[in-house]
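Engineer: Sequence:
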Amino acid sequence: MKTAKKDNRKTPVKIIPLGGLNEIGKNMTAFECSNDIFIVDCGLAFPDSEMLGVDIVIPDFTYIERNQAKVRGVVLTHGHEDHIGGLAYLLKKINVPVYGTKLTLGLVDGKLKEHGLSGKVTLTEVAPKKTVKMGCMAVEFISVNHSIPDSVGLAIHTPAGVLVHTGDFKVDYTPINGGPIDLARFGELGSKGVLALMADSTNAERPGF
Numbered sequence: 237m238k239t240a241k242k243d244n245r246k247t248p249v250k251i252i253p254l255g256g257l258n259e260i261g262k263n264m265t266a267f268e269c270s271n272d273i274f275i276v277d278c279g280l281a282f283p284d285s286e287m288l289g290v291d292i293v294i295p296d297f298t299y300i301e302r303n304q305a306k307v308r309g310v311v312l313t314h315g316h317e318d319h320i321g322g323l324a325y326l327l328k329k330i331n332v333p334v335y336g337t338k339l340t341l342g343l344v345d346g347k348l349k350e351h352g353l354s355g356k357v358t359l360t361e362v363a364p365k366k367t368v369k370m371g372c373m374a375v376e377f378i379s380v381n382h383s384i385p386d387s388v389g390l391a392i393h394t395p396a397g398v399l400v401h402t403g404d405f406k407v408d409y410t411p412i413n414g415g416p417i418d419l420a421r422f423g424e425l426g427s428k429g430v431l432a433l434m435a436d437s438t439n440a441e442r443p444g445f
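FYI, the numbering for the sequence shown is 237 to 445, going by the working numbering.
All the given hints hold, so there is nothing to weed out.
Have a look at the derived ranges for each label pair, beta carbon to beta carbon:
{"no.": "1", "residue 1": "P248", "residue 2": "K369", "range": "17 to 25 Å"}
{"no.": "2", "residue 1": "Y325", "residue 2": "A435", "range": "22 to 30 Å"}
{"no.": "3", "residue 1": "A440", "residue 2": "Y409", "range": "17 to 25 Å"}
{"no.": "4", "residue 1": "G426", "residue 2": "G289", "range": "44 to 52 Å"}
{"no.": "5", "residue 1": "N331", "residue 2": "I252", "range": "14 to 22 Å"}
{"no.": "6", "residue 1": "P248", "residue 2": "P411", "range": "36 to 44 Å"}
{"no.": "7", "residue 1": "A396", "residue 2": "E301", "range": "23 to 31 Å"}
{"no.": "8", "residue 1": "A440", "residue 2": "G415", "range": "19 to 27 Å"}
{"no.": "9", "residue 1": "D296", "residue 2": "E350", "range": "19 to 27 Å"}
{"no.": "10", "residue 1": "K338", "residue 2": "L288", "range": "35 to 43 Å"}
{"no.": "11", "residue 1": "T438", "residue 2": "P411", "range": "14 to 22 Å"}
With a cut-off of at most 35 Å between alpha-carbon atoms, the simulated DSBU-like pairs for lysine-lysine come out as follows:
{"no.": "12", "residue 1": "K406", "residue 2": "K306"}
{"no.": "13", "residue 1": "K306", "residue 2": "K366"}
{"no.": "14", "residue 1": "K369", "residue 2": "K338"}
{"no.": "15", "residue 1": "K329", "residue 2": "K365"}
{"no.": "16", "residue 1": "K428", "residue 2": "K366"}
{"no.": "17", "residue 1": "K349", "residue 2": "K250"}
In case anyone wonders, no lab produced these hints; they're calculated from the structure.
Note that the structure is a prediction, hence the values are computed from the model and not measured.
The beta carbon of each residue, even a glycine, is placed where N, CA and C say it ideally should be.
Build the full structure now, drawing on both the sequences and the hints.
Structural biologist: The following block contains the structure:
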């Protein structure tokens, strides 16, 4: 009698950078697991001197458009243009829910009005320490400090393990607005084991920063 071997292979997770990797601006990353995709941020970039006649640069949405039936939503880390400036252009192509903190969604709402999308997109406010379900993944919001209030990092819980996306951050124990970065939660995640860390801090690769 043969005994069937147990399949211990974990469901793979894809991390798909669509903008913002090794460049300033148009931050956008897709996370895919099984039949589920969610997007972190959707920013714009400003043209360089060689892009005559171009006002703004946005990420390439081709992969998202081709797989729009899998997209469960967009999660935003904070309200700077390089993280939310391309969102309205994406939402004109696919209408999906958007999740973020109070200030971030307030800034997004203004952009939706400018593009004639007011009332047509579901905006869901999420506070730090709360989690939203994205199909087979769950996204936990974690407080961080940045030059704009209401910024968060993300712990992405997947069948393959935990992914940490810091968002733009700095370590500030006495911020003017809001509380300090939740280093305790990041430490707790680290002690349990993190599959991948995506750290977003401009000039971090340069000595002295």
